[in-house]
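Asks: Next come the chains, spelled out residue by residue.
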Amino acid sequence: MIAVECILLVSLLAVLYRLFRGPHPWDRLLAYNAASNRMFVLLALIAVIDGRHSYLDATIVYAALSFLGVIILARFMERGGGHR
Amino acid sequence: MIGDILIGLGLLFVVIGTIGIVRFRDVYSRLQASGVSDNAGLGLILIGLIVRHGLSSDDLRLGLLFFLLLLTNPIITHSIAKSAFVRKYGGRGDGRT
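Taken in order, these protein sequences are the chains called A and B. If you count by my numbering, then the first sequence holds residues 404 to 487, one letter each, in order. If you count by my numbering, then the second sequence holds residues 4 to 100, one letter each, in order.
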C-alpha cells in the first residue's frame, strides 16, 4: 500500500506544477481543487492503513472547507475579481 | 482482493486525469479531464478502502467522505466553467499552454 501512496503523491506534485505555472486564474483554481481532492484521499489512505482513526475526522473537515473555498473563489472571479 | 482491484482501477483513473490536467491545452479541456476522471478515480479508491478493510467503525466516515466528494465535485466543475465563460474566456487558441 506504500506504492499507492507514492503514486498519489507523484500525481499531487504533477498537479501542483499546473497550479504554479497555469497561465490563467481558472487553471490555478482547477489545479487547486484537484490537489486538495488528492490530498484528502491521501489523508484517508494514511488514516485507514496506519490505523490513525482520528485523521478521518480532520479529513472530512478539510474536504468541506476546501469545497467552500473553491466555490467562493470561483464566484469572486465571476463577479470581476482577479487581475484580468 | 476485490478492494485491491478497485484501488488499482482508481489509481489508473487518477493517473489518466493527471496527465490530462498537465498536458491539455485550455481551461475547458482540463476541466473535463479533472471533473470526469477525478470523480471516478478518487471515488473508486475510497470504495476500495471500504471494501478492503472489512466492517469497522471507519466505514461510516469513509462513506460520508465519498458522498461529499460525489456531491461537491460536479458543483465545483460547473462553477469554474461558468466563471470562465461569464468572463468571456475564449477556449481554443486563447490558451498559451
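Errors might be hidden in some of the hints.
Calculated Cβ distances over 10 Å to all of chain A for the following chain B residues [stated by the list, open to error]:
no.	residue
1	M4
2	I5
3	L58
4	L68
Pairwise CB distance ranges (calculated) [stated by the list, open to error]:
no.	chain 1	residue 1	chain 2	residue 2	range
5	B	G11	A	I449	13 to 21 Å
6	B	Q35	A	I475	17 to 25 Å
7	A	R431	B	H56	33 to 41 Å
8	A	R482	B	D62	26 to 34 Å
9	A	R478	B	S59	35 to 43 Å
10	B	L15	A	D453	19 to 27 Å
11	A	Y465	B	H81	20 to 28 Å
12	A	A406	B	F88	33 to 41 Å
13	A	S457	B	F88	38 to 46 Å
Honestly, the hints are just simulated from the structure, not real lab data. Where a beta carbon is used, it is the ideal one built from N, C-alpha and C, also for glycine.
Asks: If a hint holds in the structure, say so; if it does not, say that too.
Replies: Tested hints:
Non-interface status of B:M4 relative to chain A is upheld: no Cβ of that chain comes within 10 Å, the nearest being about 14 Å off. Every CB of chain A lies more than 10 Å from the CB of B:I5, the least distance being 15 Å, so the non-interface label holds. For B:L58, the non-interface assignment is confirmed: its Cβ lies about 13 Å from the closest Cβ of chain A, beyond the 10 Å cut-off. For B:L68, the shortest C-beta to C-beta distance to chain A comes to about 6 Å, within the 10 Å cut-off, and the non-interface label is violated.
Between B:G11 and A:I449 the CB atoms are about 18 Å apart, so this pair conforms to the stated range of 13 to 21 Å. For the pair B:Q35 and A:I475, the supplied restraint of 17 to 25 Å holds, since their beta-carbon distance comes to about 23 Å. Separation of A:R431 from B:H56 is about 36 Å and conforms to the stated range, judged on CB atoms against 33 to 41 Å. Distance hint check: the CB atoms of A:R482 and B:D62 are about 41 Å apart, inconsistent with the given range 26 to 34 Å.
Under the hint 35 to 43 Å, the C-beta atoms of A:R478 and B:S59, about 39 Å apart, fit the expected range. Here the CB-CB span from B:L15 to A:D453 is close to 24 Å, well matched to the stated 19 to 27 Å. Separation of A:Y465 from B:H81 is about 22 Å and conforms to the stated range, judged on CB atoms against 20 to 28 Å. For A:A406 and B:F88, the hinted distance range of 33 to 41 Å is satisfied, since their beta carbons lie about 40 Å from each other.
The hinted window of 38 to 46 Å between A:S457 and B:F88 holds, with their beta carbons roughly 42 Å apart.
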